[in-house]
Amino acid sequence: MNPTSNPTTFTTGSANPGGAREVHASHLRGSSDGMLLQMRSRLAQASGQVQNAGWLIELLQSLAACDRFSTACHELTSELQSHLKLVRVAVGWKGDANCQHVASISGVANQDAHSDDVQLVQACLDEAIHRESLGCWPSLRGQTGDTDSMLSHKQIAGRDREVVSVSLTTKTGKRVGSLMLVAARGQLSRQPQTIDFLAATASPLADVMAAIQRAEGTRLTRMVRWYRGCSLAKRSVAAAIIVAAIASAWIPVDYRIACPAVIEPIERRFCVAPHDGLLQSAKVEPGDVVSVGETMALMDGREVRWELAGLVAEHRRSAKQHDSYLASHQTNETLQAELEMQRLQSQIDLLSYRESNLTLAAPIAGIVLDGNMDRRDNFPVKQGQVLYEIAPLGQLRIELSVLGEDVSHVAEGMHVEILFAGFGREAFDVTIEKIRPQSEVREDQNVFIAECLLANDDGRLRPGMKGHAKVYGQQHTLGWIVLHRAWEQACMWMPW
1 MNPTSNPTTF
11 TTGSANPGGA
21 REVHASHLRG
31 SSDGMLLQMR
41 SRLAQASGQV
51 QNAGWLIELL
61 QSLAACDRFS
71 TACHELTSEL
81 QSHLKLVRVA
91 VGWKGDANCQ
101 HVASISGVAN
111 QDAHSDDVQL
121 VQACLDEAIH
131 RESLGCWPSL
141 RGQTGDTDSM
151 LSHKQIAGRD
161 REVVSVSLTT
171 KTGKRVGSLM
181 LVAARGQLSR
191 QPQTIDFLAA
201 TASPLADVMA
211 AIQRAEGTRL
221 TRMVRWYRGC
231 SLAKRSVAAA
241 IIVAAIASAW
251 IPVDYRIACP
261 AVIEPIERRF
271 CVAPHDGLLQ
281 SAKVEPGDVV
291 SVGETMALMD
301 GREVRWELAG
311 LVAEHRRSAK
321 QHDSYLASHQ
331 TNETLQAELE
341 MQRLQSQIDL
351 LSYRESNLTL
361 AAPIAGIVLD
371 GNMDRRDNFP
381 VKQGQVLYEI
391 APLGQLRIEL
401 SVLGEDVSHV
411 AEGMHVEILF
421 AGFGREAFDV
431 TIEKIRPQSE
441 VREDQNVFIA
451 ECLLANDDGR
461 LRPGMKGHAK
471 VYGQQHTLGW
481 IVLHRAWEQA
491 CMWMPW
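Position 261 of the sequence shown, counted from 1, bears residue number 261 in UniProt numbering, the numbering being contiguous throughout.
Check each hint, because a few of them may be wrong.
Label pairs and their in silico Cβ distance ranges [as the list claims (entries may be wrong)]:
{"id": "1", "residue 1": "His468", "residue 2": "Pro286", "range": "24 to 30 Å"}
{"id": "2", "residue 1": "Gln155", "residue 2": "Ser248", "range": "52 to 58 Å"}
{"id": "3", "residue 1": "Gln438", "residue 2": "Tyr472", "range": "23 to 29 Å"}
{"id": "4", "residue 1": "Tyr472", "residue 2": "Val289", "range": "30 to 36 Å"}
These are computed hints drawn from the structure, not numbers from a lab.
Please read these numbers as outputs of a predicted model, since none were measured by experiment.
Positions of the beta carbon are idealized from the N, C-alpha and C atoms, including for glycine.
With the hints as extra help, turn the sequences into a complete structure.
Set out below in C-alpha cells:
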C-alpha cells in the first residue's frame, strides 16, 4: 500500500510516533477523569444512602420509644419535614378501622377536622391509600400510573409546589395508612433519591406505627399499665378514689332533667277585616301593648257611604211606586214593590252596619304579636283577612321540650326551674300542669311538650322568649342517674 494514500495513518503511526503517544495519553487521562467522576458520584450516593439509613434507624428507634400513638405520628411528620426540608408532611391512619383519618400534620398541634385545609389533606390521603404505586404531582419523568385520580394532589400542589404520596403497607400486605409530602416545585424532581427513599421506608414505617398502636392498647389497658407503674402511695390514693366513687354512687339525689323552654301565649285573638274595602290607616305595630277597645286601624268609609246613599234613594223610589200601586188597587205590582223595598232595606242595614264598624278595636288587652299592615295606607283588604294577632300578657304558657327517653321520668305536678336569656341568674319557678300525649318534632328531635303556667304581672316576659329549664324529678341514686340511660340503650339492643 502506498503510504501517501493514508496520510492520517502515516502521520500518527509512522511519521510522528511521539505525537501518537501524546494523543493516546490524553485519551487515557480523559477516560480516567470520567471514571473518577462516576466513582465520586457513586460514593456520594452511597454516602447519602448510608446517612438516610442511619437517620431512618434513629427515627424508628425514636418512634418505638413513644408511649402514645398520637405522639408517634407528630414525631414522624416533624422529623420527615426537618430531615428532607419539606414544606409540609401529613400522615393518615386507618389501622383496623373502616375509614382513614388525618393523624398528624407537621406544624399543626390541634387540627380541626372540619376545616377546609384538613379536609383537602384528608382527600389527598384517601387518594394515596387506594393507589398501588407512589403518586406524584406534577408527574415525574418516567412515572407510570393513573394520574386522573389525583385531583386533591393537584389542588394542594398549585403552581409552586409538588406533592408526593405513598400508601403505608405492612409486610403482610395490609394497608394501614398513607403518607403525603409537600415540597417546593422542582425540589423532588431534582432529587430522585428522596422519592426512592420514601418508597423504601413506607413499609418499615407502617410496621412500626402498627406495632405502636397495638402496644398502646385500649383505655383500660393503659389504665392498668399506669396503675402497675405507680408507687405504693399512688396506688393507695387511686384505690381510695375508686372506693369513694363507688360509695358515692349510692347517694340519693334529685334527678334533674334539662330541656329547652319557650314562652307561648295562653290564648290568641285576631283582628280581621270586617268587609272588603280599603284600609285607611294602621294605628299599631307588632310589639305594641294595647288595651281593650283601643283603635288599631281605620277602614275607608267613602264607598260604603256612597253605596248607602244610592240604596236609600232607590228605597224611597220603591216606596213611592208602592204607594202609587196601592192607590190604583194594583195588587201584584204592590206586592212586588213591597218585596223590592225589603231587599233594599236589607242592603241598607248591611251598609249601615259596615259604616258603624269602620274602626277596628282591640278585642282584648295584650301585645300585638303579628301584623302586616304597619305603614300601609289605603291598602285593599278582603273580608276575614287577619290584620293583627293579639295575645294577653298577664299570664303566659311555658312549653318544655322533653326528649322521648326522658318523658317517662316526668309527671304532672313536678317542680321546674327556668332561666331565660337576658335575665341573668334570675330563675322562674313553675309547676308542670299538663303533658301532651302526642310527640312533636322540634329542631329535628322527637319531643313531648310539657305545659306550665307563669304569672307575668310586671309584663317583663314576652311570647317567643327562649330559655333552659330543669325539671326536678324523683330521687334516685347517683349511680342510677349516671348509668340508667346507657342501661336502657343496652336493653333496647338485646334480642329478647
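Hint-by-hint comparison with the structure:
1. His468 / Pro286: 24 to 30 Å: Holds, since His468 and Pro286 (Cβ atoms, about 26 Å apart) stay within the stated range.
2. Gln155 / Ser248: 52 to 58 Å: Cβ of Gln155 to Cβ of Ser248: about 54 Å, so the range 52 to 58 Å holds.
3. Gln438 / Tyr472: 23 to 29 Å: Because 25 Å falls inside the window, the suggested range holds.
4. Tyr472 / Val289: 30 to 36 Å: Because 34 Å falls inside the window, the suggested range holds.
Hint compliance for this structure: every hint is met.
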